[in-house]
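Chain U is fixed; fit chain L onto it per the hints.
There are 2 protein chains.
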Amino acid sequence: MDKPYVLGLDLGGTNSVLGIVDARGHVIARTSIKTQQYTDINDYVEALYTEAIKIIEPVGGMDVIRGLGAGAPDGNYYTGNIEFAPNLPWKGIVPFAQLLSEKFGVPCTVTNDANAAAMGEMMYGAARGMKNFIMITLGTGVGSGIIIDGKMVYGHDGFAGELGHTKIDHTENARLCGCGQRGCIEAYASATGVARTAREILAKTTKKTVLRDLNPEEITSYDVFKAAEQGDEVAKEIFDYTGNLLGQKLADFVAFSAPEAIVMFGGLTKAGHWIMDPVVKALNDNVMPIWKNKVKVMFSDLKEADAAVLGASALAWE
Amino acid sequence: MDKPYVLGLDLGGTNSVLGIVDARGHVIARTSIKTQQYTDINDYVEALYTEAIKIIEPVGGMDVIRGLGAGAPDGNYYTGNIEFAPNLPWKGIVPFAQLLSEKFGVPCTVTNDANAAAMGEMMYGAARGMKNFIMITLGTGVGSGIIIDGKMVYGHDGFAGELGHTKIDHTENARLCGCGQRGCIEAYASATGVARTAREILAKTTKKTVLRDLNPEEITSYDVFKAAEQGDEVAKEIFDYTGNLLGQKLADFVAFSAPEAIVMFGGLTKAGHWIMDPVVKALNDNVMPIWKNKVKVMFSDLKEADAAVLGASALAWE
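Chains as they are written, first to last, in our numbering: chain U, 1 to 318; chain L, 1 to 318.
Hints listed in this document are in silico derivations from the structure and should not be mistaken for laboratory results.
A quick note: this is a predicted structure, and the numbers were derived from the prediction, not measured.
A few of these clues could be false.
[Said to hold, decoys possible] Rough simulated footprint, nothing fancy, chain U against chain L, three-plus residues with beta-carbon under 8 Å:
| hint | region |
| --- | --- |
| 1 | 145-156 |
| 2 | 161-173 |
| 3 | 179-186 |
| 4 | 221-234 |
[As the list claims (entries may be wrong)] If we take Cβ atoms under 8 Å as the criterion, some of the chain L residues that face chain U in the derived model are:
| hint | residue |
| --- | --- |
| 5 | Asn42 |
| 6 | Asn132 |
| 7 | Gln248 |
| 8 | Met288 |
| 9 | Pro289 |
| 10 | Ile290 |
Each residue gets a CB set at the ideal place from its N, CA and C atoms; glycine is no exception.
Pulled out of the complex, with its shape left as it was, chain U reads as follows (with noise of 0.2 Å):
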């Protein structure tokens, strides 16, 4: 093969990573750039180029690379483009594939950031050899990649999978989510949702717990999982309320595409089994008879910094 390696670009909202991969989904280089440094387009796409030549160049220059893949918010499949992302520096629709191809030299294709993760997951990760999946996301958002009979599900327009936005709360009282919609699952299973549940259950309750000591606006998943496993019980309840919403959630999500397997990935896994019983019991308490303990709930098991890497990567060599 004369082109053995491809590129996979992992755009977040604050760090642009990028990795060239080989065949056997080995992450062989990595380089980074901060993504809100650039408020042009042309010039992060200019800066991305020569931070990624400096890294490519050691390894045989673009002529041993196949293609390019990015993974980006609001990232769409079909258009190529990134979409009027909330939270990167440009407005509007960017042309983001087109730039990255002609700047390369190489085939781009880009997907939103959850795809990418769930693309990595199915050919290097936990969901490997599986056709039918759903990876969900839970970091800054709620995130989610659908893989129906080994494919990813785009849907009509390319924007599919916005599992985030479902609701969990149909009443005039539910959470504000960032979209602006009311009661989705993103408004309580992302970081931000959980540091919310805290203050919520924090303010109604008495209990001693460490969990006071901290500041409520920036309490974190993982202070409560420290919590919890220091025995502390407003921590443990905490997390039964929010993998409870979870799990009614992806029990609707089963109903959808009856998957083998449902991957968590993101900063409230590292919970662990605090997070993940009440999500599988809420699940199977939700589930009608046919999948009761049939779908399995698994974490996903490759690195963080590598699974939207590798899955971005994956596209180019399609």
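Then chain L, alone, in the frame of chain U:
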């Protein structure tokens, strides 16, 4: 083409309708038997064959039949079985495709009834030419068939697309569904769900309404439609309530697979704009901005009697 026809079987809880279908999607002949009359599946297959052959002989006998497709409640595409169907006389797992194939001497494929309707809609109905749509059947229950990239979604186990059992109410007081869960949309948007809503609203309101003259257990969406057409405020309220819940749930489905359209089919659709308007409003009020006013919502344009037969027959061309 020496085998110009296929057979399509719509196995319903009451009637089993079998049609001979040509390549253009015309049902050139049909016959039916009473499903509940045969408590032994072998008697059912025998009786079906006996009736079928009466309409098959005149067009050239089994030699001109390429195959048989069947849509049945709880029919599984992968296994060809009907599995634990609560509304059919045969208990446990019935190897339906195998029994039919042996009797008729042609390949036989089985799917569930809502999937068959979706296939019919894609090949011959409102969704002709669409590669991404969701069919919602609003009848005794609420069923669904999901098409992604031009293919029916069966999932890991063949049971995908049970959207009637996704939840619209996550509270403890949510309605009990026939599946044993609480809060499923089937408990609200099915025939029995509409009758239940009618009873609840009638119990609460003092408004004059023609619906009080009916047996509340037997109120159908068509009764409510007739009342709404006469300007009955309570009838309108019933459709607004039902449509609002259904539309909210459709918004979840859009976030999953980003379909081009949602096609509604079955008894409730007879209510026309009285149900369509609140569904469309609630859908657009509950989707992310990228999908507002973008997803088509339509009624099936197949005759109800033909959709399942046509859809089931489509399987036999594969």
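Hints broken by the structure, by number, lowest first?
Violated hints: 4 and 5; rest satisfied.
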